[in-house]
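There are 2 protein chains.
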Amino acid sequence: MSFTPDMTDLCILDILQTDARTTNKEIASRLGKSVTSIFDRVKRLEAEGYITGYVAVLNPAKLGSTLIAYTSVTLESHGHDKLSGFEQKINSFPEVLESYKMSGQFDYLLKIVIADMEAYELFYSNKLSKLENISKIRSLFVLSETKKETGLSLKTAQLPKGR
Amino acid sequence: MSFTPDMTDLCILDILQTDARTTNKEIASRLGKSVTSIFDRVKRLEAEGYITGYVAVLNPAKLGSTLIAYTSVTLESHGHDKLSGFEQKINSFPEVLESYKMSGQFDYLLKIVIADMEAYELFYSNKLSKLENISKIRSLFVLSETKKETGLSLKTAQLPKGR
DNA sequence: CATATTGCCGAAAAAAAATCGGTCACAGCA
DNA sequence: TGCTGTGACCGATTTTTTTTCGGCAATATG
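So the protein sequences, as listed, match chains A and B. For the first sequence, the working numbering puts the final residue at 163, and the numbers step up evenly by one. For the second sequence, the working numbering puts the final residue at 163, and the numbers step up evenly by one.
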């Protein structure tokens, strides 16, 4: 119990978060360990919840999504039911890839990935602004992504006790 | 040439962006095709750039990163060299996972994933605010993630011609 | 001192990926 | 009509990877 990953585990995580297709054999040779040893560690990292899944990364532009918007939303009322009602609606919108409840000036920040400005306008007018309890919507548009890390920085990470 | 994915391809992409470990056999049985057929399609989707990679998804909380901040930055001057200089510096900060050049009120929006508020304060004071040409920095803190889709919505996607 | 426990390893079995050859349907064309 | 290239598909086979298994050595545990 109370497993804490060591340096080897962090290396494995770093390799897999960069390229999940790296074989155990390849990892083993890079780290100077046996295939079985790597296998066991990966299974443990999965079981302990350090690795939550494996996904293919798709190219949005190839799939008709060229516009990214960050949209902040302020609600009229902040009662618990109102908040969870809003969150539920947001969950049903496939254009919204991420939603954060925020501290400060507004209540939610939504990351929206969508075909183009015309499609965004439709989403804004027909879906987002029609939700109940909306007070303010402010749209921020991405001109270009200048950095996109899929993974966490593990070099700098100071680990909490195996949680 | 000029390959455009069909419905079967989109289903494959949807399956793989949800779980990249799904075997060709499993996909084949779900879609009523042969393993070889699925294999060929996946290879083509990779070759044509629809799939850009495979990554393991890690649990930030387990790895000592519990705080997410969205930080907007406004620069003093917008000359080309100034912009690319800023972007280069940002690229060297492992705490910054994503950086967007924005239209509107400010110039850049940074997604920062870091241990805690104390670490954020250090990052802000010692790294971000010390960059040249900075005019305004505004930090927005995430209370909770209410939605996190790793993948694009492919149901609604209207595809551009094979690009 | 005996005995779990842990990390590690190589060999072998099971499963998956990758290759190969071939069928079928269809479009274009003389 | 008949020929031909093309593309999607398939089964069988080979290659590679994953997974299982048993065993060894170091280290703690009582």
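Don't take every hint at face value.
What the hints assert, rightly or not - Here are the simulated distance ranges between beta carbons: (1) A/23 to B/84: 31 to 39 Å; (2) B/130 to A/118: 36 to 44 Å; (3) B/137 to A/35: 43 to 51 Å; (4) A/3 to B/8: 39 to 47 Å; (5) B/137 to A/118: 38 to 46 Å.
Stated by the list, open to error - Cross-link-like lysine to any residue pairs, in silico, SDA-like; alpha carbons within 20 Å at most: (6) B/148 to A/39; (7) B/82 to B/47; (8) B/82 to A/60; (9) B/101 to B/80; (10) A/82 to A/68; (11) A/82 to B/144.
None of these hints come from the bench; they were simulated from the model. No residue lacks a Cβ here, since even glycine has one placed at the ideal position from N, Cα and C.
What hints, given by number in increasing order, does this structure fail?
5, 6, 7, 8, 10
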